[in-house]
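**Q** Which chain is which? The protein sequence lines are A and B, in order.
Numbered according to the working numbering, the first sequence spans residues 1 to 101.
Numbered according to the working numbering, the second sequence spans residues 1 to 235.
A few of these clues could be false.
[Stated by the list, open to error] Derived DEER-like restraints, expressed as beta-carbon distance ranges:
#: 1; chain 1: A; residue 1: R100; chain 2: B; residue 2: R4; range: 30 to 40 Å
#: 2; chain 1: A; residue 1: V10; chain 2: B; residue 2: L225; range: 29 to 39 Å
#: 3; chain 1: A; residue 1: F18; chain 2: B; residue 2: G36; range: 25 to 35 Å
#: 4; chain 1: B; residue 1: F7; chain 2: A; residue 2: I98; range: 47 to 57 Å
#: 5; chain 1: B; residue 1: V195; chain 2: A; residue 2: I98; range: 48 to 58 Å
#: 6; chain 1: A; residue 1: L25; chain 2: B; residue 2: T6; range: 23 to 33 Å
#: 7; chain 1: A; residue 1: G35; chain 2: B; residue 2: P158; range: 26 to 36 Å
#: 8; chain 1: B; residue 1: T6; chain 2: A; residue 2: G35; range: 24 to 34 Å
#: 9; chain 1: A; residue 1: L4; chain 2: B; residue 2: I206; range: 33 to 43 Å
#: 10; chain 1: A; residue 1: K79; chain 2: B; residue 2: Q12; range: 34 to 44 Å
Because the hints were derived from the structure by calculation, they are not lab data.
Note that the coordinates shown come from a computational prediction; the quantities given were computed from them, not determined experimentally.
Ideal Cβ placement from N, Cα and C applies to all residues, glycine included.
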Amino acid sequence: MSSLELAAIVGMALATYFTRVGGLLVRADRLSLSGFPERFLKNLPAAILAALVAPKIADGDPSVWIASLVTVAVVWKFKNTLLGVAIGTLTCAWVRWIMRM
Amino acid sequence: MKSRLTFKDALQDALPIIISGFMFGLVFGVLASKAGLSPLAATLMSALVFAGASQFVAIEQWQPGHLPVMAIVLTTLLVNLRHLLMSLSLRQWFAREPKRRLSPAFALLLIDETWALAEHRFKNCAPSLRYFIQAGLLIYVGWVGGTLIGTQIGNQIPRPADYGLDFTFVAMFLSLMVLLWQRSMDFATWGISGVVAFFVAQLPGIGQASVVIAAIVASALVAALPVSHAMEEPT
Chain A
1 MSSLELAAIV GMALATYFTR VGGLLVRADR LSLSGFPERF LKNLPAAILA ALVAPKIADG
61 DPSVWIASLV TVAVVWKFKN TLLGVAIGTL TCAWVRWIMR M
Chain B
1 MKSRLTFKDA LQDALPIIIS GFMFGLVFGV LASKAGLSPL AATLMSALVF AGASQFVAIE
61 QWQPGHLPVM AIVLTTLLVN LRHLLMSLSL RQWFAREPKR RLSPAFALLL IDETWALAEH
121 RFKNCAPSLR YFIQAGLLIY VGWVGGTLIG TQIGNQIPRP ADYGLDFTFV AMFLSLMVLL
181 WQRSMDFATW GISGVVAFFV AQLPGIGQAS VVIAAIVASA LVAALPVSHA MEEPT
């Protein structure tokens, strides 16, 4: 493990701890967060995931496109991430196997 | 009279999460080793950070040659900022606990799942920091153990693309998006962020900063929309 890698991991940990104890740092009479800041914070995770996924799907091939549709459908129906990831990955492998034949 | 929570409650409630956390730990370990992290680095990340979604995002950004440390740390911060809301709400159950006891427990163990368990349980039982810590540590052990074993499996897989393992990232991120989905406005967040990320990524030298830029632009735009304001449910 290089020192840069260690720096990234420790930096990630500190950033994460900050978000988790952040709610303890404010004064007790300012507990609730609402309006724009709350909506902004709630939007962030999905926005980051979409920003990571979109270029990969745009640059993908049919195996990626078909597997993406299958993944979304499975998770939407069963609300189970692990199932979606497993079936999505298998679908991708299967389509590639067919494409190689 | 509210009932007291025991270790058995913590174990029972956490069990499905321990199992799925262990499985995801395995997946994380495999993908991390394929992304060029040593078993030690991957396991250390799971042990210190213990935040699944942000860790998958980080190894997606991982380039062993020239590691974008700033972008990785900043993205981690943004992915996990939602914990701020959770620590704000969870704190109210522990009004009597001193902050020196709350802070370490929150810092390491406050994840989406432990937050959901605690909020759910404390509605009917006496709030217990011990329950929160026990459930959190059980899930923690599964996640870190899964990562360690996953790194060993990852080293045995010669051509990960044949098994669709490069797609596992996309599947992971798509699944999380679907689970996070709450209202039709979220489609706007997805669309704007995805389109902005795609075009900003074409700029020379932008690298992983495109993800941060797109996420902030999309989140702020959608949060500022009048329709988003009107549709907000009272909490």
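**Q** Compare the structure with each hint and give your call.
**A** Outcome of the hint check:
Between R100 of chain A and R4 of chain B the beta carbons are some 59 Å apart, a value that contradicts the proposed interval 30 to 40 Å. At roughly 38 Å, the beta carbons of V10 of chain A and L225 of chain B sit within the given window of 29 to 39 Å. Here the CB-CB span from F18 of chain A to G36 of chain B is close to 27 Å, well matched to the stated 25 to 35 Å. At roughly 50 Å, the beta carbons of F7 of chain B and I98 of chain A sit within the given window of 47 to 57 Å.
The hinted range of 48 to 58 Å is not satisfied by V195 of chain B and I98 of chain A, whose Cβ atoms lie roughly 31 Å apart. Range check, L25 of chain A to T6 of chain B: about 32 Å between beta-carbon atoms, so the 23 to 33 Å window is met. A hinted range of 26 to 36 Å is violated for the C-beta pair G35 of chain A and P158 of chain B, which are about 52 Å apart. Taking the beta carbon of each, T6 of chain B and G35 of chain A are about 40 Å apart, not inside 24 to 34 Å as hinted.
A hinted range of 33 to 43 Å for the beta carbons of L4 of chain A and I206 of chain B is inconsistent with their spacing of about 20 Å. For the pair K79 of chain A and Q12 of chain B, the supplied restraint of 34 to 44 Å is violated, since their beta-carbon distance comes to about 21 Å.
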